[in-house]
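Protein chains: 4
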Amino acid sequence: MNHLPKPAAEGLRTRVFQIIFESDTPLAKGFDIALIVAILASVLVVMLESIESLRADYGTLFFWLEWGFTLLFTLELAVRLYCLERPLQYLRSFYGMVDLIAILPTWLALLLPGAQTLVMVRLLRTLRIFRVLRLMEFVGEGRLLIGALKRSSHQIFLFLFTVFMLVSIFASLVYLIEPAEAGFTSIPTAIYWAIVTLTTVGFGDIVPVTPLGQAISVMVMLIGYSIIAVPTGVFSAEVIRSIRADRYSDEACPGCGHDRHEQRAKYCLLCGTWLDEDSPDPRLSEEEQAAWWEEHGGQGNDA
Amino acid sequence: MNHLPKPAAEGLRTRVFQIIFESDTPLAKGFDIALIVAILASVLVVMLESIESLRADYGTLFFWLEWGFTLLFTLELAVRLYCLERPLQYLRSFYGMVDLIAILPTWLALLLPGAQTLVMVRLLRTLRIFRVLRLMEFVGEGRLLIGALKRSSHQIFLFLFTVFMLVSIFASLVYLIEPAEAGFTSIPTAIYWAIVTLTTVGFGDIVPVTPLGQAISVMVMLIGYSIIAVPTGVFSAEVIRSIRADRYSDEACPGCGHDRHEQRAKYCLLCGTWLDEDSPDPRLSEEEQAAWWEEHGGQGNDA
Amino acid sequence: MNHLPKPAAEGLRTRVFQIIFESDTPLAKGFDIALIVAILASVLVVMLESIESLRADYGTLFFWLEWGFTLLFTLELAVRLYCLERPLQYLRSFYGMVDLIAILPTWLALLLPGAQTLVMVRLLRTLRIFRVLRLMEFVGEGRLLIGALKRSSHQIFLFLFTVFMLVSIFASLVYLIEPAEAGFTSIPTAIYWAIVTLTTVGFGDIVPVTPLGQAISVMVMLIGYSIIAVPTGVFSAEVIRSIRADRYSDEACPGCGHDRHEQRAKYCLLCGTWLDEDSPDPRLSEEEQAAWWEEHGGQGNDA
Amino acid sequence: MNHLPKPAAEGLRTRVFQIIFESDTPLAKGFDIALIVAILASVLVVMLESIESLRADYGTLFFWLEWGFTLLFTLELAVRLYCLERPLQYLRSFYGMVDLIAILPTWLALLLPGAQTLVMVRLLRTLRIFRVLRLMEFVGEGRLLIGALKRSSHQIFLFLFTVFMLVSIFASLVYLIEPAEAGFTSIPTAIYWAIVTLTTVGFGDIVPVTPLGQAISVMVMLIGYSIIAVPTGVFSAEVIRSIRADRYSDEACPGCGHDRHEQRAKYCLLCGTWLDEDSPDPRLSEEEQAAWWEEHGGQGNDA
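Chains as they are written, first to last, in the numbering used here: chain A, 41 to 343; chain B, 41 to 343; chain C, 41 to 343; chain D, 41 to 343.
No lab work stands behind these hints, which were simulated from the structure alone. Fair warning: there could be bad hints in the mix.
Since the list gives no way to pick one copy over another, a pair counts as held whenever it fits inside one copy or between any two copies.
List of simulated lysine to aspartate or glutamate pairs, DMTMM-like, C-alpha gap at most 20 Å [said to hold, decoys possible]:
hint, residue 1, residue 2
1, Lys306, Asp72
2, Lys306, Asp316
3, Lys190, Glu125
4, Lys306, Glu125
5, Lys306, Asp321
6, Lys306, Asp318
7, Lys69, Asp316
8, Lys190, Glu106
9, Lys69, Glu221
10, Lys306, Asp97
11, Lys69, Asp318
12, Lys306, Glu326
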């Protein structure tokens, strides 16, 4: 969906475009790697800044590093916009917005100091790495997965809905059985506990203390342990089907338009039309076959 | 199994029937969505009511909301029964009972005040959502899953039985080894612990403290971690088999013997032979086709 | 491997044999169900007896129930031995030993009072249920699973060995990094912690407290979370292969003895011998084919 | 990649080489087993030595055992080098380095006493077991797995990268929501918690205490519980593809076009056509076979 944006036509801008937006030349690849390093470094700074002791010691360093990265990314965005024909359209695209989100929080903090929540938004910078991965034809690998996920989404939605029903029923039961001192103070809390249990996370912050509560917990655990097989099975089957679908040709039958033939199919499975483009239909008469060979380059057996 | 019930024959009732029981017209779809929203809202009220602080502040609001939903669902059930030919039969069906369960607890609470346990039953209202999903042909998606589950149920029962045997043996061992202070006060408690461990939930409310007990725990964990592969593998295989069986015919091509044709294939994809046994090959001359029909029972178009 | 033992030849003993050892008649099925109920009840008694408060209140009841079950099972074993031709051979078989183990502890407790450990052995009574499941042709279902497990055992052994190596290396690292106060008092304890973490059980009785220790924990968790795919994938593939292997015929080629042909194979894939027993080899001359049909019942097309 | 090193040519050295480096004779197999036992025993000593109480009681024993194993392994390495043509090249190979690492720590501890960290390096001795497994053709079993892992590595990298992105976003949210007293003192700590939760380990050392934090935890758990299906599905599909690719040929039968023959098939299983392209059909007459050989390069048996 995100087609590469068009460059402005001039010489310098075209060359800059090729470095920044494409990934074919060594210079462009170097730029990509430098960008990934800068993004990861800037995210690392955001994370380290949240550690109390480090902030006390290196607060000023973090401050200047953050501004350094912000200026760098601002400059990069400016260059990107400079070498495009329709810069506004780019800003409205997904990657344009991510570029804006990567620098806005720091600039806004000048106007609205103390907006700590905004600082977190800077972590979305990691999203920019997907752009580079896409250029490196990495994301294409993920398309198979996303296709399989999409095709199994209906079944997985039903699965999650059923899980939620089981969870709320078991949670209510445990809420009725267990004393509030054990932590089951309300149904939402009991649902939190039931999901902690069903997903086999098991924090242990809330645990059943009565024998009956433990018996119900055991059922929740066994259900959680077993039904993980359902999404796994569905998704495995979809991935296997996707891989197999690679064996299907994309071309439609010239006779009836049917377009899901296996690669090796020689006859359309619905109308019987000859599909192989490299040889004549064997049902033709010998003269017709000879004529076909003449027309298509003459490697026929009538030579 | 739950076929759509039959409407009473009159005009208004038929129209109401189509809105409430079917899902084809825009009005019927709007009704479905409104119903889902009402069900989810009423369930949310039940859940929020269980939170102490909210009940203190908004108790009266919850009370009236609950009665609002109950009257709404009662009215809905009355209309449902009104537009059916055999209302009593509907009440005995699965969905009829769920409809009753959704309203009974509140009405009964008038007669038997303080029956807090009954309040929980209202959570079963979520079951009503399945009716709408079924109308929306959502549940059909789940049929493949349920079929695969049924066919693997024998193997999964055996699996769970074996797991239970392992669990009770390991639990007894740990019960003998660990001191009661560590929490292993009885075999049932030890079984609870063993299932918490085997399913990799790991609450941590009871943990082994002796080296030998920890060594046995390690075995339980490794078993639990490994054998999850068994139901997953069985179920995956069944789903894959279901998907494949849906698509491929078992019969071989009479021309070349190739035997992996899709169900709908009419021509062999390798040799072009006509595969459909219920009609003559359209490539035959008219006389030959007529002869074919004569031979196969004469429902031909030459009649 | 456990073939049904042979009955002694007389009338009464044969009839008793059919009830106890087989599962075809209504009486035999009733016996099976009664046996399962008795086994489960006796195991339940052993479990409940281990609960302090119940033992105080119902100790005497449990005592007599236990003796009741023991006498019942002793009687059953006596009848089993009575109606067999070679009773001693049965006692040396797997099911014979399980039968003995089910009653010995209680009898031995008469001689050696206070042998509480022996009491646990009674839990092995559940093993006797497998006999009934086998009769009900339930265990046959499990043979596919066991076959798949056996064929993937080499790979799963390698997997577990690699896991153990990773675990001991990470455990040693964490042992060096974390202070002993956090619970990492020795390498074996650290290995216990690493397995708790890798299998995603996560009791929380020992947790890393230093940032470096937490970073290593994160690696252990991600490894544990990801590599579960390995045994699952291997086992799934084996189950799918097993199911597919059902498509293979058991009969060997009369020409070369090769014995893994698909069900539909008409020619041996190694020596080209004709395999279909219901029609003559089409490579024979017409006379030979006619002779074949004559010999095999004459439904030939020469009629 | 690790080809067997070449022995020096003389008699005694060749015989020693066969015992130490190969695994065909009974003597060589005995040596392998003795080596595995010695390695496991030496690793066990390292582990037990780390237990405070055992070190107090048996410190001297451990000390001498350690030196015994070190001298044994040093002697073994010396013999290995003695019977090789190019001992230095072996020392630079993977197994040579592992051999050195197995003995160096103890020798270095003579020079640099108190280097406790080095002691851990001795645990890498377990790596030496892989050599023996390789000889026993055990590792070959793992090659299928490693191949499947490699082919799915791109997708699993993308998966882990996406997981990391989700984790850091959710961790930042929880860091903002939860009070520092609950343990969420910094973003790295929150990421540690998020991975503990997503991988379903769930230590419980840090748990959310606010309703909003618990709601986000629930999302993290459900994501972690569901997306495990992704690597499992991808890897299962790869293993299945590997197994199948091992067995079936890609080429279609020239007679009937059937294209799912096992690699070793010489005759088409449906029409009996000769499939082997490297020799003539044995059903041809001798002259025809001779003609075939003439045409295809003449390595025939008529020469």
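Hint check results:
1. Lys306 <-> Asp72: neither (41 Å within a copy, 48 Å between copies)
2. Lys306 <-> Asp316: both (5 Å within a copy, 18 Å between copies)
3. Lys190 <-> Glu125: Neither, since 35 Å and 42 Å both go past 20 Å.
4. Lys306 <-> Glu125: For Lys306 and Glu125, the Cα distance exceeds 20 Å both inside one copy (45 Å) and across copies (53 Å).
5. Lys306 <-> Asp321: Both. Shortest intra-copy (9 Å) and inter-copy (18 Å) distances satisfy the 20 Å Cα cut-off.
6. Lys306 <-> Asp318: within (10 Å within a copy, 23 Å between copies)
7. Lys69 <-> Asp316: Answer is neither: 40 Å inside a copy and 48 Å across each miss the 20 Å cutoff.
8. Lys190 <-> Glu106: Answer is neither: 39 Å inside a copy and 38 Å across each miss the 20 Å cutoff.
9. Lys69 <-> Glu221: Close neither inside one copy (60 Å) nor across copies (45 Å); limit 20 Å.
10. Lys306 <-> Asp97: neither (70 Å within a copy, 74 Å between copies)
11. Lys69 <-> Asp318: neither (40 Å within a copy, 47 Å between copies)
12. Lys306 <-> Glu326: Classified as within: same-chain Cα gap 19 Å, cross-chain 26 Å, threshold 20 Å.
The earlier numbered hints that this structure contradicts are 1, 3, 4, 7, 8, 9, 10, 11.
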